[in-house]
Amino acid sequence: MNILSQGEGALFSDPSADRARQFFVEKPRALTDKVMTVTEAVHRFIHDDDYFASGGFGCARIPTAVLHEILRQGPKRLSFAGHTATHDFQILCAGNGLGRGPTLAAVDIAYIVGLEARGLSAHARRVMESGEVACTEWTNYTLAVRFKAAAMGVPFLPARSMLGTDTFRHSAARVVACPFTGEKVALLPALYPDVAAIHVHEADRYGNCRIRGTTVADLDLARAARRLIITCERLIPGDDIRQDPSRTVIPFFCVDAVCEVPFGSYPGNMPYEYFSDEDHLRQWLAAEKDVTTFGAFLETHIYGVGDFADYLQRCGGLSRLQELRRHEFLLHRGM
Amino acid sequence: MNILSQGEGALFSDPSADRARQFFVEKPRALTDKVMTVTEAVHRFIHDDDYFASGGFGCARIPTAVLHEILRQGPKRLSFAGHTATHDFQILCAGNGLGRGPTLAAVDIAYIVGLEARGLSAHARRVMESGEVACTEWTNYTLAVRFKAAAMGVPFLPARSMLGTDTFRHSAARVVACPFTGEKVALLPALYPDVAAIHVHEADRYGNCRIRGTTVADLDLARAARRLIITCERLIPGDDIRQDPSRTVIPFFCVDAVCEVPFGSYPGNMPYEYFSDEDHLRQWLAAEKDVTTFGAFLETHIYGVGDFADYLQRCGGLSRLQELRRHEFLLHRGM
Amino acid sequence: MSTPYNAMELMICCAARLLEDGRTAAVGTGVPCAAAMLAQRTHAPHLVMLFEAGGIAPQLPTMPISVGDSRSFHRAVMATSMADIMETCQRGLVDYTFLGGAQIDPYGNLNSTLIGGDYVHPKVRLPGSGGANDLASLCWRIFVVTNHDRRRFVEKLDFLTTPGYLTGPGAREQAGLPPGTGPYRVITDLAVMSYDDETKRMQVHSLHPGVTLAQVRAATGFELGVREPLAVTEPPTPGELRILREEVDPHRYVIGRC
Amino acid sequence: MSTPYNAMELMICCAARLLEDGRTAAVGTGVPCAAAMLAQRTHAPHLVMLFEAGGIAPQLPTMPISVGDSRSFHRAVMATSMADIMETCQRGLVDYTFLGGAQIDPYGNLNSTLIGGDYVHPKVRLPGSGGANDLASLCWRIFVVTNHDRRRFVEKLDFLTTPGYLTGPGAREQAGLPPGTGPYRVITDLAVMSYDDETKRMQVHSLHPGVTLAQVRAATGFELGVREPLAVTEPPTPGELRILREEVDPHRYVIGRC
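In order, the protein sequence lines correspond to chains A, B, C and D.
With the numbering used here, letter number 125 in the first sequence gets 125, and the count goes up by one each step, no holes.
With the numbering used here, letter number 70 in the second sequence gets 1070, and the count goes up by one each step, no holes.
With the numbering used here, letter number 129 in the third sequence gets 2129, and the count goes up by one each step, no holes.
With the numbering used here, letter number 179 in the fourth sequence gets 3179, and the count goes up by one each step, no holes.
Since the hints were made in silico from the structure, they are not lab data.
Mixed in with the good hints, there may be bad ones.
Quick list of in silico lysine to any residue cross-link-like pairs, SDA-like style, CA-CA up to 25 Å [what the hints assert, rightly or not]:
(1) B/K1027 to D/H3046
(2) C/K2123 to B/A1010
(3) C/K2123 to B/R1118
(4) C/K2123 to B/G1119
(5) D/K3123 to A/F294
(6) C/K2123 to B/E1132
Reference listing, derived: stretches of chain D covered by chain A, where coverage requires no fewer than 3 residues with Cβ under 8 Å from a Cβ of chain A [unchecked claim]:
(7) 3118-3132
(8) 3166-3180
For glycine and all other residues, C-beta sits at the position ideal for the given N, C-alpha and C.
Kindly generate the complete structure, drawing on both the sequences and the hints.
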């Protein structure tokens, strides 16, 4: 194809649809029990130097338990899809620049280092300003389109975004003219993560999943990923899934591990379940300002913690989670 | 882009994303009441020489009332997306070759003239063998991809289908090599129908829709169409929609008309509501064999019929529909 | 002594036996559906059925009439879109598909578009590809189950609707179709055919009991090689026939067709 | 005599008044959300809000903290995917979007990626585009609401994250961005800016009450034209302020910021 212009950014993953097929032809597709612990799932399915992607929207419906476990298991040197990445990215950055890891080696950037209105992460900034993490620029939509291309099983998809900007110049996209209309489009290379983690409301033991509320890019991400770890608020019987198959949004054959993690998006928001813990997120942001303080904070909240339930306990346990449920349903506002 | 090969088929619609945007910028997007009769909807939104597309899967969840009304209102000379088209196509073909119409002027063909295991439509064959309807070949997936391109707002999408066949040679697709991987793909031009009709389970007065069961290509079709007529089994209060926004699959701003048509997919199947009337479909197929017989059949079932409720009455009315409900839930099998 | 059976029952059993456990199959109504259901009830309990309109792993209460009717996702694990199913095939997650056609050529290419005349004025207009071209392009192994006669098995198709091996070795890859995909078996009322690894041409793989090679060649409009040693198809076992007749197709929708 | 108000309240009112009834707006948290909510409660009851994470036409019980949190689809008519929202913009169905940035140039281009240093070692690494580049490319009219100072209003951006008019007339079309789209208004604590139809450069459209042109130019790092006749911004009405303070932002999350 006749390329009109081309970004200078590096590709951190292989967009080949044929090589993805060669992987997927071997991927098990039987309805088998995939329930395991987060520790086992991260150990078995997230390997050093993998390309990793994480679901949800930064502080909403994020697989926090998987992100913590990645840090606890030590060096992974991951490439990461920085798509609407806020607290999730903040957690992964904690594995860089503090004498452990590095957890992160490269990032496809759409949104990083910020927590929206909450401000910027001081530590994520330190990590990203150090130059130790390779970067390529994208946007929230174009990264979503790259997942969609992989989910469709094609090596690229077009979009009308990024054109004419430095964001494009530092991406790996290419501009062509549509052969039917002459309209210029940016071609986005398919992004097949080696592994992804997504937190959902309900899943059965085989990995059939239900999500309530916005799905962000997760339905495409689930299909794009070579390996997929699902954490869920609740395991439900397979028969419940079959009672209403219209509610399934991720089919079992995309899934490698199913981990039941109640309150698994904490301190993030889980729609219809519990609101985000803004106090805890403020503590993170504050602790990051000083490296020593942050090291101690991580020891208390991640490295010195047995598992996610232990972390929840240290953050106020059930009574705090009850408050967050009341906040989600606005009961504290008299609704 | 460097075209490796190119189909000889004609394009019956404009794939330009910019010209579609020029239409959509003017399309009303307020939450306003769109409830009207099928007669009014077809009169206002389906014009002569339009490109028309119809939802569902041939004999499942089809907008029968709209299809009948198109015949009753007379000549439209429509271009049509023959996507999984069985009884729906059979109805439209009845507007050709019998001294009325013509209803059909051109067809993008993925599947036509057949009713799956039920056999071929004698009249649809007569119409399509006469040469009076212009044809271009596609496949069920590639036509769905053309809707998806329009739904995304891009002028084309790639797929790895149709390659190397006469189906491709008689399509308007073009083959290019992926600029990232060299893998050959067929580029499919976006298909923005002038108007589409889709039958759903529930809709509110604004056009927010719910569908149970398989969605076939309807979610993309709803977004691709410039104008959209929704027929629904049941109108529901807007407040019900807001109680569970995760169940909405078509948003109101895609919709121009909402028509409440109970049993609106008859004689097709409506999942979770009623099964197809195989006896009636057999009558159609039998009646088509002789032109005079078929003309009388159409007079009795469409042209001489006041509205869809009258048609249902002539087909056995509520008692027959009750039987079909029992069939849907397999109650006649003791389930 | 073996239970009597008809040709349809034999074809379904041949197809079922070739479906491995834990694999995925994009199936249509009729024979493919019956074969997959039989396989699930015998050696392949973990075989996963997908229907093109969006049904994933249904528990079929009865034979669907349409690949889009509500049976095709009865107690399924997911009811999704056609694109989702086809893209699952395009990603490489679907192992088998079953196709048919009015004509098939030595390379397993299929015609379901037209017979005779020309494109604008065909003698017989047929449905076209439907999802056949997509499934034959994107699934790993293509099965064809059909009756065996010279009108159907032709040297040259009137229209190449759906890709087999196209013009022979390397042609699918040259056209851009995913490597490693293609026709696998043709199962008829006379024999089972496979494809020669070198030439990609159809060859007789096994003759059904009582059928001679001469009969098969007489019913085929092109030169048909033989895979040596030429086997005889195993007849249906009493167990297979019982399941097929009592559980899979008690109303004989499919097995009653001949 | 008019009710006292602060700069944030004025900016929100200016933005709200520019949102026409029956239009669609892709909004973020904070000012855009407050402006849309105010518009809905005054002249634009049929204004439709969309949130990039997937919320369509929510009835906000309180200000969302994140464009992806559960408030962003509270009693919405649909909770969908980010792609569905962005593709609604790409189809041309979304009229307005609100963006911000660390730097803005005379053509309304925005930088939210980095300040100083080079790409590999920036002095300050910022979040990047997020959805800003997409929304600025695909929506019809771009609004920017920001504080007005020389560090922010610069002749040359350190990084062009999000497209305004790029290098000037015709540049967006040349780059391939959809025709008819682009920056519309910049609303600051000092003035409202629009863009010259010929040059596509930012120009002062109206001065806030009590602000001089000299003050605005002193706070701007590039040459700033004037749209004649230069108007004075209408101050917030008592009615607007009451709705803003009592209904839209009773907890002063946004209007309390200055």
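How the hints compare with the structure:
{"no.": "1", "hint": "B/K1027 to D/H3046", "in the structure": "holds (14 Å)"}
{"no.": "2", "hint": "C/K2123 to B/A1010", "in the structure": "holds (22 Å)"}
{"no.": "3", "hint": "C/K2123 to B/R1118", "in the structure": "holds (21 Å)"}
{"no.": "4", "hint": "C/K2123 to B/G1119", "in the structure": "holds (17 Å)"}
{"no.": "5", "hint": "D/K3123 to A/F294", "in the structure": "holds (22 Å)"}
{"no.": "6", "hint": "C/K2123 to B/E1132", "in the structure": "holds (14 Å)"}
{"no.": "7", "hint": "3118-3132", "in the structure": "holds (count 14)"}
{"no.": "8", "hint": "3166-3180", "in the structure": "holds (count 8)"}
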